[in-house]
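Undergrad: Each chain, letter by letter, is given below.
2 protein chains.
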Amino acid sequence: MRIEALAADFGVSVAWRPFLLGPIFKKQGWNTSPFNLQPAKGRYMWCDMERQCERYGLPFQMPSPFPQNGLLAARIAFAGRDQPWIGAFSRAVYIAEFGQGLEIEDEALMADLLIEVGAPAKQALADAVSPETKIGLRAAVSEAEKLGIFGAPSFVAPNGALFWGDDRLEQALETVRASA
Amino acid sequence: MRIEALAADFGVSVAWRPFLLGPIFKKQGWNTSPFNLQPAKGRYMWCDMERQCERYGLPFQMPSPFPQNGLLAARIAFAGRDQPWIGAFSRAVYIAEFGQGLEIEDEALMADLLIEVGAPAKQALADAVSPETKIGLRAAVSEAEKLGIFGAPSFVAPNGALFWGDDRLEQALETVRASA
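For the record, the sequence lines run as chains A and B. Add 581 to the 1-based position in the first sequence for our numbering, that's all there is to it. Add 581 to the 1-based position in the second sequence for our numbering, that's all there is to it.
Here chain A stands alone, though its shape is the one from the complex (with noise of 0.2 Å):
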């Protein structure tokens, strides 16, 4: 919600590199989000992510079910990665599932959300499912381990080092813009 402004205001380049947590989080033993099986801290998460949405004013609703299923929505922005949009349909595509409480696995949702965002929505749906994409997204997972990620976002500088999480933005963004 907060690097497309927030690297603006430092200077510094975002390439979004989307990717799937699912597959990472198989290879951990787990079968779902690890809110859901380690109860006390996923208590604590929901209301921590409640109190930072207040904090900086976007709206909060707990999805259900949670988690969801993104594959739609991580292969449309997959294909759209270096696309101007990219960045407005992450955020649409967030404050529909946590914001509105939306079911993001909706493929007219996500033809809405592509023309809110004024992306060439049927382009875009006919390039989420193309062959290309559903290589390039599972490279993009191994891509992703590769560099040391277990979670998302994660911010990773062109020197390698990595950040995770909304509390590591500003860090991530500084070292950036220290090494440039």
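These aren't lab readings, by the way, just hints derived from the structure by calculation. Keep in mind that the hints are not guaranteed to be accurate.
Identical chains blur together in the list; that is why a pair holds if it fits in one copy or across any two.
[Said to hold, decoys possible] In silico DSS-like cross-links for lysine-lysine, where the CA-CA straight-line distance does not exceed 25 Å:
(1) K727 / K622
(2) K608 / K622
(3) K608 / K727
(4) K607 / K622
Remember, predicted model here, so these are calculated numbers, not experimental data.
Chain A is already provided as a structure; the job is to place chain B on it using the hints.
TA: Relative to chain A, chain B alone:
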């Protein structure tokens, strides 16, 4: 490392409530630190901790072995939780393990640290192994679980709001100050 000075800045008083994390992890089915159970996340957390220490001007040295047996240190802290030296002693234990690579299960080290922070070492070590302390520390674990605590450090505001980890220390203190 930061709470005593920062709480004073915020005009907030702190009641130290030492507890054991091991029994809480064990109920999750974990027999060691999650840093060890999730290697990619563990590697990141050590890197993050080193960066945070550098930002705060604190020494950092990866402990070996990790985790360590902190039962004696926890018992000393529990028995001394309302003593004026509790903050300085807690910091000294963390500096020993995470700043100097010392093994904190060593009773002679604990005696040295107690003397260093101006505590009556002989009495504090005797109090640490009293039946009242052993029973009280076990009760503190149950109390922590009832408060929803799953990690350390955790901060609980008078209204019961829970904040986890150094990253939320300022927010915890703001919350307490705002409700005062």
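Undergrad: For each hint, tell me whether it holds in the structure or not.
TA: Against the structure, the hints:
no.: 1; hint: K727 / K622; result: between (27 Å within a copy, 13 Å between copies)
no.: 2; hint: K608 / K622; result: both (21 Å within a copy, 13 Å between copies)
no.: 3; hint: K608 / K727; result: within (14 Å within a copy, 32 Å between copies)
no.: 4; hint: K607 / K622; result: both (19 Å within a copy, 14 Å between copies)
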